Amino acid sequence: MNITVFGGSQPKPGDPAYEVALALGALLGSAGHNVLTGGYVGTMEAVSKGASSVGAHVIGVTCDQIEAWRKIRPNPWIAEERRVPSLYQRIIALIEGCDAAFALPGGAGTLTEIYVMWNLLLTNALPTRPLILIGEGWQKTFDTFFDVLGVYTPEKQRTWISFAPDISTAFKLLNSNLSSGSIRK
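If you read the sequence shown in our numbering, its first letter stands for residue 1, the second for the next number, and so on.
Errors might be hidden in some of the hints.
What the hints assert, rightly or not - Lysine-lysine pairs mimicking DSSO-like chemistry, simulated, CA-CA at most 30 Å apart:
1) Lys49 - Lys140
2) Lys49 - Lys172
3) Lys12 - Lys140
4) Lys49 - Lys12
5) Lys71 - Lys12
6) Lys49 - Lys71
7) Lys140 - Lys172
Source of the hints: derived by calculation from the structure; they are not laboratory data.
Every value quoted in this text rests on a predicted model; they were computed, and no experiment measured them.
Given only the sequences and the hints, what does the whole structure look like? Please build it.
Laid out in structure tokens, this is it:
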């Protein structure tokens, strides 16, 4: 399957968040999955490096707008670059190009990716696929959102998002979805 991993650009080699992303990439790659990331630094680099280290196919979705905003180049562990002009097109390519998506901790960009994918799923604009948010931060963020603005997000809409405290649990959720036939291979 093609698995997209969203996450922040801040983690550096040696940081705990970088090491978790590196392990997630290796875990997904070892299971035979292709990995899609935003293609640059931080979480994207670590996931790409981890997947590449076990021989997985790594796809980086890069974009002209990001490189114009921040002088950066794609990370060296990408085997296939899918370049698009805009940030919007990049988000859509990451979402539409996957059979499932994971979100590691991140900032505004990661939150945007989650919300766009969630909205596409709940409006049936995107075929059903898992969206698994990893880490206590996402659980707390969404608990607060549901608590304060819950009237705008009925229980049925909340079922499109799964939460996992760690990558091991997230991987088990993915495999559970796969074995139940709720996602395509």
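Cross-check of the supplied hints:
no.	hint	result
1	Lys49 - Lys140	holds, 29 Å
2	Lys49 - Lys172	holds, 22 Å
3	Lys12 - Lys140	holds, 24 Å
4	Lys49 - Lys12	holds, 12 Å
5	Lys71 - Lys12	holds, 17 Å
6	Lys49 - Lys71	holds, 21 Å
7	Lys140 - Lys172	holds, 21 Å
Violated hints: none; the structure is consistent with every hint.
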